[in-house]
Amino acid sequence: MSLIEITEVKKRFGDNEVLKGINLDVNRGEVIAIIGKSGSGKSTLLRCINGLEVINDGSIQVAGAQLMADETALRTLRLKVGMIFQGFNLFPHLTAGRNVMLSQTVVKKTPKAEAETMARKMLDRVGLGHKFDAYPEELSGGQQQRVAIARALAMEPMALLCDEITSALDPELVSEVLAVVKELAEEGMTLLMVTHEMRFARDVCSRVVFMHEGRVHEIGPPDKIFDTPETPELQRFLGMI
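All residue numbers for the sequence shown refer to the numbering used here, where the first residue is 1 and numbers rise by one.
No lab work stands behind these hints, which were simulated from the structure alone.
Backbone N, C-alpha and C define an ideal beta-carbon position, used for all residues, glycine too.
Keep in mind that the hints are not guaranteed to be accurate.
Said to hold, decoys possible - List of simulated lysine to aspartate or glutamate pairs, EDC-like, C-alpha gap at most 20 Å:
1) Lys80 - Glu5
2) Lys80 - Glu53
3) Lys131 - Glu114
4) Lys20 - Glu213
5) Lys37 - Glu233
6) Lys112 - Glu137
As the list claims (entries may be wrong) - Computed spacing ranges between beta-carbons, pair by pair:
7) Lys109 - Val54: 33 to 41 Å
8) Gly21 - Phe91: 33 to 41 Å
9) Pro221 - Ser59: 25 to 33 Å
10) Ser167 - Glu230: 44 to 52 Å
11) Asp57 - Gly87: 23 to 31 Å
12) Asp223 - Gly127: 42 to 50 Å
13) Thr72 - Pro221: 22 to 30 Å
Make a model of the complete structure from these sequences and hints.
Right, dumping it as structure tokens:
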């Protein structure tokens, strides 16, 4: 059984159908890049998987459990599937360590001492163990995003959804964040990433999904997608980047 099963998922905002019947299975340990033009539905798909958007039709299963709209089920889902956003979403009045501890203590009801141990471990994992007591304003954008990754990892998710996590960073900071994600991939973390980093998608990902106008237009191994695109839409997209 796939870890994430997406079947005929549709999502509308008013009269605008953003997702038009998405089918995608994600196996444990897979690293999947989702590419495509702005407005193709990439970020909306991730938000649907994590329950941040309610789907109109179709179904999503995570680890065999059907995605439900009630609050208890969504809390359970978000313990299984972490999400990292383009904006770092750190609380400015809390240190890096306290930011990583917060969701553990609030959502998982983890005791404070245990949460601190986990926070220190995860900050070490992303190369920021020495920044436990630093506030977000004292960190670079790349460091803030690495704290956000540590925060997601501290919840011990089965999979991570990454929504253009490098697009808000200066070019020189992108590599430090991608290095952390590459390490997670090598350790077997299941990753589903909306990204514009095509070299990363080619070198690290097991499959690439090209979305176009709310549909999965092409899907396959990186070599197939980048070297032998089958449709004019993908050919045009690759020609633009």
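Evaluation of the provided hints:
1. This hinted pair checks out: Lys80 and Glu5 have alpha carbons roughly 14 Å apart, not beyond 20 Å.
2. Proximity of Lys80 to Glu53 is assessed by CA-CA distance (about 17 Å); at most 20 Å being required, the pair is judged to hold.
3. Proposed proximity of Lys131 and Glu114 is supported: the alpha carbons are some 18 Å apart, at most 20 Å.
4. A threshold of 20 Å between alpha carbons decides the hint, and for Lys20 with Glu213 the separation of about 8 Å falls inside it, so the pair holds.
5. The straight-line distance between the Cα atoms of Lys37 and Glu233 is roughly 10 Å, inside the 20 Å bound, and the hint therefore holds.
6. Restraint check for Lys112 and Glu137: the C-alpha separation of about 24 Å exceeds 20 Å, so the hint is violated.
7. As the Cβ distance of Lys109 to Val54 is approximately 26 Å, the hint placing it in 33 to 41 Å is violated.
8. Range check, Gly21 to Phe91: about 38 Å between beta-carbon atoms, so the 33 to 41 Å window is met.
9. Checked against the hint of 25 to 33 Å, the pair Pro221 and Ser59 passes, with Cβ atoms roughly 26 Å apart.
10. The hint said 44 to 52 Å for the Cβ distance between Ser167 and Glu230, and at roughly 27 Å that hint is violated.
11. Between Asp57 and Gly87 the beta carbons are some 30 Å apart, a value that agrees with the proposed interval 23 to 31 Å.
12. Checking the proposed 42 to 50 Å range against Asp223 and Gly127 shows it is violated: the Cβ atoms sit about 31 Å from each other.
13. The hint said 22 to 30 Å for the Cβ distance between Thr72 and Pro221, and at roughly 39 Å that hint is violated.
In terms of the numbered hints stated before, the structure departs from hints 6, 7, 10, 12, 13, listed from lowest to highest.
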